[in-house]
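Please arrange chain B on chain A, whose structure you already have, making use of the hints.
Protein chains: 2
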Amino acid sequence: MKRQLFRVFWLVILSFTAQAQTLLVEKQRFETKAFTTESGVTLPAVVVGYESYGTLNEKKDNAILITHFFSGTSHAAGKYSESDPLPGYWDTIIGPGKAIDTNKFFVISSDTLVNANVYDPHVITTGPASLNPKTGKAYGLDFPVVTIGDFVEVQKRLLDSLGIDKLYAVAGASMGSFQALEWAVRYPDKVERLVHVIGAATMDAWTVAALEKWALPIRLDPNWNQGNYYEGEKPIAGLTATMLNITQDAMHPTIYNASFKDFEVLDEPAMKDIRVLPKINQVLAQRAAARARLQDANHVLYLIRASQLFTAGMNQDLEGALARIQAKVLLMPSSGDLLLRPEGVRSLYDTLKRMNKSVSISEINGGWGHLDGLFSIGSKQAELAAFLAE
Amino acid sequence: MKRQLFRVFWLVILSFTAQAQTLLVEKQRFETKAFTTESGVTLPAVVVGYESYGTLNEKKDNAILITHFFSGTSHAAGKYSESDPLPGYWDTIIGPGKAIDTNKFFVISSDTLVNANVYDPHVITTGPASLNPKTGKAYGLDFPVVTIGDFVEVQKRLLDSLGIDKLYAVAGASMGSFQALEWAVRYPDKVERLVHVIGAATMDAWTVAALEKWALPIRLDPNWNQGNYYEGEKPIAGLTATMLNITQDAMHPTIYNASFKDFEVLDEPAMKDIRVLPKINQVLAQRAAARARLQDANHVLYLIRASQLFTAGMNQDLEGALARIQAKVLLMPSSGDLLLRPEGVRSLYDTLKRMNKSVSISEINGGWGHLDGLFSIGSKQAELAAFLAE
Numbered sequence: 001m002k003r004q005l006f007r008v009f010w011l012v013i014l015s016f017t018a019q020a021q022t023l024l025v026e027k028q029r030f031e032t033k034a035f036t037t038e039s040g041v042t043l044p045a046v047v048v049g050y051e052s053y054g055t056l057n058e059k060k061d062n063a064i065l066i067t068h069f070f071s072g073t074s075h076a077a078g079k080y081s082e083s084d085p086l087p088g089y090w091d092t093i094i095g096p097g098k099a100i101d102t103n104k105f106f107v108i109s110s111d112t113l114v115n116a117n118v119y120d121p122h123v124i125t126t127g128p129a130s131l132n133p134k135t136g137k138a139y140g141l142d143f144p145v146v147t148i149g150d151f152v153e154v155q156k157r158l159l160d161s162l163g164i165d166k167l168y169a170v171a172g173a174s175m176g177s178f179q180a181l182e183w184a185v186r187y188p189d190k191v192e193r194l195v196h197v198i199g200a201a202t203m204d205a206w207t208v209a210a211l212e213k214w215a216l217p218i219r220l221d222p223n224w225n226q227g228n229y230y231e232g233e234k235p236i237a238g239l240t241a242t243m244l245n246i247t248q249d250a251m252h253p254t255i256y257n258a259s260f261k262d263f264e265v266l267d268e269p270a271m272k273d274i275r276v277l278p279k280i281n282q283v284l285a286q287r288a289a290a291r292a293r294l295q296d297a298n299h300v301l302y303l304i305r306a307s308q309l310f311t312a313g314m315n316q317d318l319e320g321a322l323a324r325i326q327a328k329v330l331l332m333p334s335s336g337d338l339l340l341r342p343e344g345v346r347s348l349y350d351t352l353k354r355m356n357k358s359v360s361i362s363e364i365n366g367g368w369g370h371l372d373g374l375f376s377i378g379s380k381q382a383e384l385a386a387f388l389a390e
Numbered sequence: 001m002k003r004q005l006f007r008v009f010w011l012v013i014l015s016f017t018a019q020a021q022t023l024l025v026e027k028q029r030f031e032t033k034a035f036t037t038e039s040g041v042t043l044p045a046v047v048v049g050y051e052s053y054g055t056l057n058e059k060k061d062n063a064i065l066i067t068h069f070f071s072g073t074s075h076a077a078g079k080y081s082e083s084d085p086l087p088g089y090w091d092t093i094i095g096p097g098k099a100i101d102t103n104k105f106f107v108i109s110s111d112t113l114v115n116a117n118v119y120d121p122h123v124i125t126t127g128p129a130s131l132n133p134k135t136g137k138a139y140g141l142d143f144p145v146v147t148i149g150d151f152v153e154v155q156k157r158l159l160d161s162l163g164i165d166k167l168y169a170v171a172g173a174s175m176g177s178f179q180a181l182e183w184a185v186r187y188p189d190k191v192e193r194l195v196h197v198i199g200a201a202t203m204d205a206w207t208v209a210a211l212e213k214w215a216l217p218i219r220l221d222p223n224w225n226q227g228n229y230y231e232g233e234k235p236i237a238g239l240t241a242t243m244l245n246i247t248q249d250a251m252h253p254t255i256y257n258a259s260f261k262d263f264e265v266l267d268e269p270a271m272k273d274i275r276v277l278p279k280i281n282q283v284l285a286q287r288a289a290a291r292a293r294l295q296d297a298n299h300v301l302y303l304i305r306a307s308q309l310f311t312a313g314m315n316q317d318l319e320g321a322l323a324r325i326q327a328k329v330l331l332m333p334s335s336g337d338l339l340l341r342p343e344g345v346r347s348l349y350d351t352l353k354r355m356n357k358s359v360s361i362s363e364i365n366g367g368w369g370h371l372d373g374l375f376s377i378g379s380k381q382a383e384l385a386a387f388l389a390e
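Chains as they are written, first to last, in UniProt numbering: chain A, 1 to 390; chain B, 1 to 390.
Here chain A stands alone, though its shape is the one from the complex:
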């Protein structure tokens, strides 16, 4: 009895502590008019969602911008409600007392244009699934191609609207690193620190081809119909296949195999009938289908294109672009990354070093491959805190 009371006591304390620690966040909406894309088209209006953690100080000089990865959203930390099963993707390092300390910093993160997760109720974005005011129907493929530079420009307008003229830091993983780097190149006097995680400085032939593999299944799905599916069946099968590709490319075989401990090669039903998938593929397909239900296929195609066209500075002169950087730079590739391989980031480090930039590199070794930038970022807590304290 005494023991049970003791247990209840601790449960109450623990649950109180947990509640106190939950960072509750609210999704907000930002609209800007007459946005001209890098590809030269003026959209009458652009809307994106954003969220923030911590408080903007009076001088407005404590803002840290977080830019999201390919299949991500602005939800970098905290929960929308206590009952959310999981917090934002970088919650390990963003929050009170964490490396990106919300007791000190005003952390802000926005959904990109053409965000993949159009049917996630917490996502606000503008893209091919949005209504084209000229026709009253979804844009589909008439939406202009957008670039990483465009993502940055929308973020710039959002920050301007809040009176934030300078960023204490900008940090992003994967496609988020592209945006973060582009910020430092495009607005060198506005970015004091750059945290570039599992990223790249430019796309090479191999990565452009790899990204296209993600687009192929969508285009093959008959429901895709050249992007005109908003009034009919959606290309869920194609999009599911795309999600299968993305998940696998983001992982390392070692952790992949470790996470399927009960895997058996000799799958009897799959040996008896070609129409039956091996069990592991069935499980993976179900998971991918669940993700695909929140996403829009055209948006994914536009994200692929935005990534394929990325090179820091968005011109042919990469060295010239990198030379513009004034921010202190922290590069964090994952040693086992098979998608955006660490070699590219090591070479970026060498280039910046040669240019006498303030740059350091710290590789993540978590065993997840590319996903170490999300799942193993906690191992860099102290390093990141120190970098931000400098």
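Please note that a few of the clues may not be correct.
To be verified - Part of the chain A face toward chain B, derived, beta carbon under 10 Å:
| # | residue |
| --- | --- |
| 1 | Phe-35 |
| 2 | Leu-131 |
| 3 | Ala-209 |
| 4 | Gln-248 |
| 5 | His-252 |
| 6 | Leu-309 |
| 7 | Met-314 |
| 8 | Arg-346 |
| 9 | Phe-375 |
Keep in mind that the hints were calculated from the coordinates and are not lab data.
All residues carry an ideal CB built from backbone N, CA and C; glycine is no exception.
Chain B in isolation, oriented as in the chain A frame:
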């Protein structure tokens, strides 16, 4: 004039030498009746093509079997005619005076069941594109699932028909290594030497999932029609996408990027219109489409399944299977292989070593990744010759 005569003289000599060196090969046909697959279905007849180089000696103890890779054929060496642009895929190491010396050995290689290249006039195979005698139409997906074990059994019958009871060696790359290893496990007293190149001993979860990525585009192509397309349009778009996937997975980014020297990230037409692919993707798609024209989509699906189900010995006891091996083993993984990673082969080496088998390992370092097993095999000429001389 004198000089010109001299030139003509040399041209004659050179062309004579070249002709003398060209190993001319002839495709042959092997048929066997009542073949029962590992999945338990009896096919009334099975036909495969084969070719051989060198001469079978009287004792019939100088035969070396070459087993082909996933998208390969029996064409391992030589040319079908002088005008062929390229010789067989392992011509570097098979021929008179080469590591697999056709002056000494009788080298034989056959097309597998469900060979991908059904519409290559030099390929003879049995699979879903073959006529089902019961219906008079192509089998389609009613063809039984076949395994690496089945491929071996067909080869066994072919060798039996030639009176070859023992193999001096069996050698194969990639999916060919699966067959070669299966030979050594299944017929330990008939295989004296095993050369296992860019291979594996069993499939892990990651590889099974990776292989499924190749199948996805075919199934999404509306022309695929659950495998019933033999009387209509073929699923060429899906198959082309599959070929794009396979080619990329078989290469290493370093060589990939080196082979696209004029690659430019900022692809203007691709930035202006989402419907226009980046130039590099257009080039790759054209190449893949050319390969797809010779292939059958269902056959590729069956090859994927055969590979997904592979584990040496084809039972749950891999160690028990490996323990059966009596052959001397030479393992040749590629250090940069991203598809069948060298870690697996290193671990196979450790296992065989622990079992006191005669095993050696020699990694290929050619920069091509998986394709080093084909393109850089020449670097192992001396080692291979020494192994075969023992």
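Each hint, compared with the structure:
no. : hint    : in the structure
1   : Phe-35  : 16 Å, violated
2   : Leu-131 : 18 Å, violated
3   : Ala-209 : 6 Å, holds
4   : Gln-248 : 6 Å, holds
5   : His-252 : 8 Å, holds
6   : Leu-309 : 6 Å, holds
7   : Met-314 : 7 Å, holds
8   : Arg-346 : 13 Å, violated
9   : Phe-375 : 17 Å, violated
Hints 1, 2, 8 and 9 from the earlier list are contradicted by this structure; the remaining hints agree with it.
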